[in-house]
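Starting from the given sequences, assemble the full structure and let the hints guide the process.
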Amino acid sequence: MSSSLAATKRSTNVLGRLIATPTFGPLIVLIVFCAVFSLATKTFFATGNLSLVVQQSVIVGTLAIGQTMIILTAGIDLANGGIAVLGTILAGRLVVEQQNPVLSLLFALLICTSFGLTAGLLVSRLMLPPFIVTLGLLGIVTAITRLVAQGGAFPVTDDLLSWTGNAFAVGDTSITYGMIVMFVLYVLVWYLLTQTAWGRHVYAIGNNREAARLVGIPVQARLLSVYTFAGLLYGIGAWLALGRIPNADPNALQSANLDSITAVVIGGTSLFGGRGSLWGTLIGTLIVAVLRNGLTLTGIDPLWQDLVTGILVISAVALDQFSRKKQR
Amino acid sequence: MTTDVSTKVTLPPKGTVVLEARGVTKRYGHVTALDHADLDLKAGEVLAVVGDNGAGKSTLIKVLCGAVVPDEGEVLLDGKPVHFRSPLDARKLGIETVYQDLAVAPALDIATNLFLGRELRHQGPLGTWFRLLDKNRMRREAQHEMDELKFHLPAIDSAVEKLSGGQRQGVAVARAAIFARRLVIMDEPTAALGVRESGQVLNLIRTIRDRGLPVILISHDMPHVFEVADRIQIMRLGRRAAVTTPQKHTMSQVVAIMTGAARGDEPVEANGG
Chain Z
199 MSSSLAATKR STNVLGRLIA TPTFGPLIVL IVFCAVFSLA TKTFFATGNL SLVVQQSVIV
259 GTLAIGQTMI ILTAGIDLAN GGIAVLGTIL AGRLVVEQQN PVLSLLFALL ICTSFGLTAG
319 LLVSRLMLPP FIVTLGLLGI VTAITRLVAQ GGAFPVTDDL LSWTGNAFAV GDTSITYGMI
379 VMFVLYVLVW YLLTQTAWGR HVYAIGNNRE AARLVGIPVQ ARLLSVYTFA GLLYGIGAWL
439 ALGRIPNADP NALQSANLDS ITAVVIGGTS LFGGRGSLWG TLIGTLIVAV LRNGLTLTGI
499 DPLWQDLVTG ILVISAVALD QFSRKKQR
Chain G
64 MTTDVSTKVT LPPKGTVVLE ARGVTKRYGH VTALDHADLD LKAGEVLAVV GDNGAGKSTL
124 IKVLCGAVVP DEGEVLLDGK PVHFRSPLDA RKLGIETVYQ DLAVAPALDI ATNLFLGREL
184 RHQGPLGTWF RLLDKNRMRR EAQHEMDELK FHLPAIDSAV EKLSGGQRQG VAVARAAIFA
244 RRLVIMDEPT AALGVRESGQ VLNLIRTIRD RGLPVILISH DMPHVFEVAD RIQIMRLGRR
304 AAVTTPQKHT MSQVVAIMTG AARGDEPVEA NGG
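Chain order of the listed sequences is Z and G. Heads up: the first sequence begins at 199 in the working numbering, then just goes up one per residue. Heads up: the second sequence begins at 64 in the working numbering, then just goes up one per residue.
These aren't lab readings, by the way, just hints derived from the structure by calculation. Keep in mind that the hints are not guaranteed to be accurate.
With the C-beta cut set under 10 angstroms, the calculated list includes, among others, these residues of chain G facing chain Z [as the list claims (entries may be wrong)]: (1) G157; (2) A166; (3) V167; (4) A168; (5) T175; (6) N176; (7) F193; (8) L195; (9) K198; (10) A235.
C-beta atoms are modelled at their ideal positions from N, C-alpha and C, and glycine is treated no differently.
Okay, here's the thing in structure tokens:
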């Protein structure tokens with residue numbers, strides 16, 4: 199079969215290729231949900247509400263970027279919510295104690311990054327399962343958070359820490375700086391994952407770690423960089439959380455970690471690693487946010503939100519499993 | 064089209080020794096896997112290495128591709144001693160290895176797999192500052208190399224998991240052929256494949272040899288060995304028991320030497336190979 203024949207075969211089947219695009223399914227789900235809630239309520243499609251949906255998704259959306267990178271390497275992160283909460287408490291307490299806000303924020307980012315680094319060292323050097331490493335880290339981070347918080351919460355009055363919650367208006371739509379930070383991070387990590395050799399290596403490691411090693415990819419260094427970078431993103435997630443709710447509370451963000459996994463999985467990234475896309479994760483994040491927001495607006499009991507999200511996650515994983523079986 | 068990936072060094076004339084192993088010994092505790100084993104690979108040939116399980120062929124190959132450091136003996140490339148600490152050292156000197164278990168990333172496309180670990184970046188600031196991959200150039204060069212190797216595949220940007228087993232192994236073999244400067248080592252490349260698929264890979268081995276790269280082929284499969292090998296090295300008890308050709312000995316004679324039923328150093332009368 200010649201290459202030109204293959205090329206024509208490719209171009210004639212635009213629809214087929216569109217459907218084969220991994221983000222196509224999640225996008226349809228998002229559109230259907232938006233349509234349903236627009237019809238069911240008068241308030242959902244209002245610009246103010248749509249802006250709120252995105253504001254509500256910036257924290258999980260940012261944690262989910264790190265989660266996507268880690269899941270692409272066939273790992274998982276159960277500590278990202280915990281690390282972000284620690285970041286908020288550290289920055290919040292330091293500023294309350296009259297420390298320099300810039301240094302406080304940088305310190306929080308550094309600590310979050312170093313927890314990512316720790317996870318990366320344990321996963322890449324000691325070859326421990328990411329599930330166990332991050333589960334253990336979650337316990338450690340949660341304990342440290344309680345020690346630092348000493349039973350209290352820290353109201354954020356500093357302009358720098360709450361800057362991500364500041365908004366400006368474009369037409370009727372209110373846009374926060376947090377949204378822009380999240381979007382820039384998505385573009386940056388999309389670029390790294392799809393346009394650089396580093397990204398190819400991340401996919402290859404998740405696909406076939408042994409093959410990646412045999413072709414000369416420095417697997418340990420790549421894994422270490424993924425977990426460390428994810429840690430930095432969780433620190434930025436902490437900053438976004440302080441902007442969203444200007445109160446550093448050790449009991450906040452309880453569902454953020456599972457929501458980040460949910461977003462990745464609904465977005466079409468395989469839990470087995472090596473396949474998926476970052477834009478899918480953004481769509482997955484928005485699906486979860488739309489669902490929670492829409493169900494609240496329709497006046498349905500909040501417990502149904504978790505139930506529907508749970509069904510979505512299981513369906514997404516089942517679909518992934520099924521499509522993999524079909525390919526074998 | 065000239066490509067900077069396939070710029071080969073001038074290959075030595077046919078028949079000169081490219082790679083040599085002299086008295087290579089490797090012990091694992093009380094087990095002597097290699098006992099003063101030798102090997103000579105000449106330019107322009109396919110040298111098959113055969114032997115029973117435990118005869119030392121795998122260990123010998125691991126020494127040659129840098130995966131195992133021998134206790135004694137030396138390896139010479141173009142007559143100069145070389146010391147491989149890892150497969151990366153061997154690769155830097157132009158020795159590429161193909162492994163039996165299809166070493167590809169299934170969800171990634173053919174071009175990406177061919178350039179995996181050796182990606183091409185854009186020239187200029189886009190490449191050096193922004194590390195931007197030159198995907199078009201990689202696709203173009205991948206297509207060019209596959210055409211050169213006369214190995215037919217679906218579109219170069221289709222995922223490797225959509226290919227047959229033979230085509231997947233073809234991708235792994237092509238990757239070695241593209242980047243090897245001195246020689247290619249293949250460890251049981253047809254072990255996981257069916258009859259027709261093995262044929263595709265054997266063709267590829269011949270094409271690589273005809274392009275000038277010598278090949279060391281480790282195989283259990285006697286018909287495959289007799290189909291492509293120019294010379295056959297028979298391993299027994301950690302040593303080179305004999306070197307022959309498909310013309311001099313029959314399959315059953317080779318098996319007899321392998322198992323110790325016949326001695327390799329006595330010329331056995333050939334009756335068609």
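Consistency of the hints with the structure:
1. G157: At about 14 angstroms, which exceeds the 10 angstroms cut-off, the nearest Cβ of chain Z leaves the hint on G157 of chain G violated.
2. A166: holds (4 angstroms)
3. V167: At about 6 angstroms, which falls below the 10 angstroms cut-off, the nearest Cβ of chain Z leaves the hint on V167 of chain G intact, so it holds.
4. A168: holds (4 angstroms)
5. T175: holds (6 angstroms)
6. N176: holds (8 angstroms)
7. F193: Since chain Z brings a Cβ to about 8 angstroms from F193 of chain G, closer than 10 angstroms, the hint holds.
8. L195: holds (6 angstroms)
9. K198: Check passed: Cβ of K198 of chain G comes within 8 angstroms of chain Z, closer than 10 angstroms.
10. A235: holds (9 angstroms)
Hint 1 from the list above is the single one not met by this structure.
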